[in-house]
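There are 2 protein chains.
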Amino acid sequence: MCDSDFLKGMAMAQEVTISVDALGGDNAPSVVLEGCEQALAADSQLHIILCGPAEVVEPFAATHERCEAVATTESISMGEHPANAVRKKKDSSLVVGARMVKEGRAQGFFSAGSTGACLAAATLVMGRVKGVARPALASVVPSPVRPVVMSDIGANADCKPEYLLQFAVMATVYAEKIIGIENPQVAYLNIGEEEEKGSQFAQEVHKLLREKLPNFAGNAEGGDIMQGTYDIIVTDGFTGNVCIKTIEGTAKVLFKSLKGIMMSSLATKLGALTLKGGLKELMASVNADTYGGAPILGVKGACLVGHGSSNATAIKNGILTSANVVRTNVSEVIADYFAKNSKPASEEAKEA
Amino acid sequence: MCDSDFLKGMAMAQEVTISVDALGGDNAPSVVLEGCEQALAADSQLHIILCGPAEVVEPFAATHERCEAVATTESISMGEHPANAVRKKKDSSLVVGARMVKEGRAQGFFSAGSTGACLAAATLVMGRVKGVARPALASVVPSPVRPVVMSDIGANADCKPEYLLQFAVMATVYAEKIIGIENPQVAYLNIGEEEEKGSQFAQEVHKLLREKLPNFAGNAEGGDIMQGTYDIIVTDGFTGNVCIKTIEGTAKVLFKSLKGIMMSSLATKLGALTLKGGLKELMASVNADTYGGAPILGVKGACLVGHGSSNATAIKNGILTSANVVRTNVSEVIADYFAKNSKPASEEAKEA
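Protein chains in written order, with the working numbering: chain U, 1 to 352; chain V, 1 to 352.
Bound conformation, chain U alone:
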């Protein structure tokens, strides 16, 4: 699925305000500003509240329609302890960005900054949806076969089976609303297809999903993720994080090796020219940036985290996807579900 396919389904009728962390990402603020400019141009109903140093955000807002500047004095770096940084640096671009949603000035927040700090800010500042035991970090796995939603990919290293049931429910809403998959099927990432496979924990998760999740399709294995065997892969945040980084690392190494082969002689260089278009598409299809970042599911409002290495296009996609999450009411649908269906499950989780 290429960039334009993914974005073309978005309804752009409704006015939406997204707060953006001007200091998020390795190449901030320049690519963030470029990304904001592109997003504003692409979506005429989009408003941006740009949070960052006055000298960065004010000149940008002054020269761009539908953009408001909120000057901040602090920044959170990648290396800082997430929760401590969020608690201490109340005037950081990241925390202020999240606060804009809490205060109702924006409906969604986007940052390509520290994932941990975004998770902490989403949970501590924006707040959990009632009934959600643990918000999850989801991702649209960049498979050339088709997009696969995976959750949790790193918010919760220690999980209880009940959490995974909630991750599955929230990912189902995201897959339906944002990826446009009808009646998406969820599989649990395990080490074998049979229900008795895996650790004690894995067996408990399988049993719980089998009992409580109507769209549960059984166990998946590692090979199923990229092959797009299932719409949604649910997993604990430890396994999910290792897996998503393994996919990225594997693709990176293979593309690098391929490039080496293509550059090895004049003949291979000429041969490679014929493949250039196809390869560019393939590389784009396995680029996570196409899907605009990783959503934090289970918090009040939209919150997406971009890759630290995001370029302007990735920032643009992240902001537009955040607006789409707002317009399709992902957070509200999740809140409704937990209000109606899973009070007992969330109580159990709290008690356990």
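In short, the hints are calculated from the structure, not lab data. Hints are supplied without guarantee of correctness; some may be wrong.
[Stated by the list, open to error] Cut-off 30 Å, straight-line C-alpha distance, at most; resulting in silico cross-link-like pairs (BS3-like, lysine-lysine):
no., chain 1, residue 1, chain 2, residue 2
1, V, Lys340, V, Lys160
2, U, Lys197, V, Lys340
3, U, Lys269, V, Lys269
4, U, Lys89, V, Lys197
5, V, Lys197, U, Lys207
This one's a predicted model, so the numbers in the text were calculated from it and none came from an experiment.
Given the coordinates of chain U, work out where chain V should sit on it, guided by the hints.
Quick look at chain V alone, frame taken from chain U:
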């Protein structure tokens, strides 16, 4: 690293007998027989005890030097419960193959059959090395950068931190003896580089390895595996199994997509011709079969498990690597280590 590089370092001076499961693998017995023939031709000091149905193994042994037939009447299929099948089917080719090592008629056993059944047979029939709490299934991860030993990749879904210390020690011996890496460095597969990252379990493992493993290099992330950042990746069998299958699945999907691009027009077909040689090498380098299967470490004698989809070359490599494991005394060095160094650790593990 191509096939010949990997095999050329093997010392072939010493006579070795390997028992082989004639019924192991999706294409058994035909590819197993072909593989045996190739292995016998490649190693003049190799003897094979071929275990399987009389009508399969006897004609082969009669026409091949250094090959003995042991007729068996049962077989274990991929779908059977491993431990139950091994306990019940005492005259299966897989169990009899393992028993040949137990009885001292062979020094190593190779099968491309059910991994679970091989693990059960290795543990129940061949027996654990004294001091080893849990044998591990290791693998040489097929990276085009360099071979990386990963353990455990699926023998132990539920682990204690002490097990991972032992997996690391055993993988160190394998990496030194079989892959030829001097002073190999071990990293622990976690979700961040910092020691405080990961689940409770991950933090305990990190602390233990930091204290007790001299060649511990710290935490690795998923992206490090294929990039060959470390010589050895140690992990629990759940994460390891998911990861190794994720790598295989990712490589498979990318090569398939690449093939699609190359076949899309006459121009791309011609262009692809120039890359054929390089691509063939790349695909071989990411083929697990090159390294002759996954060793079970911590059992008495050599035991390697081939991929179910093994072709004759993979079977040959598996048998030759099994012989190499015997000749380099991998099992004995591991036994010596645990006899001298880790009695307290194994006692702790037993008690815990």
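Verification of the hints:
no.	hint	verdict
1	Lys340(V) x Lys160(V)	22 Å, holds
2	Lys197(U) x Lys340(V)	36 Å, violated
3	Lys269(U) x Lys269(V)	14 Å, holds
4	Lys89(U) x Lys197(V)	22 Å, holds
5	Lys197(V) x Lys207(U)	29 Å, holds
Violation of the numbered hints given earlier is confined to hint 2; every other hint is satisfied by the structure.
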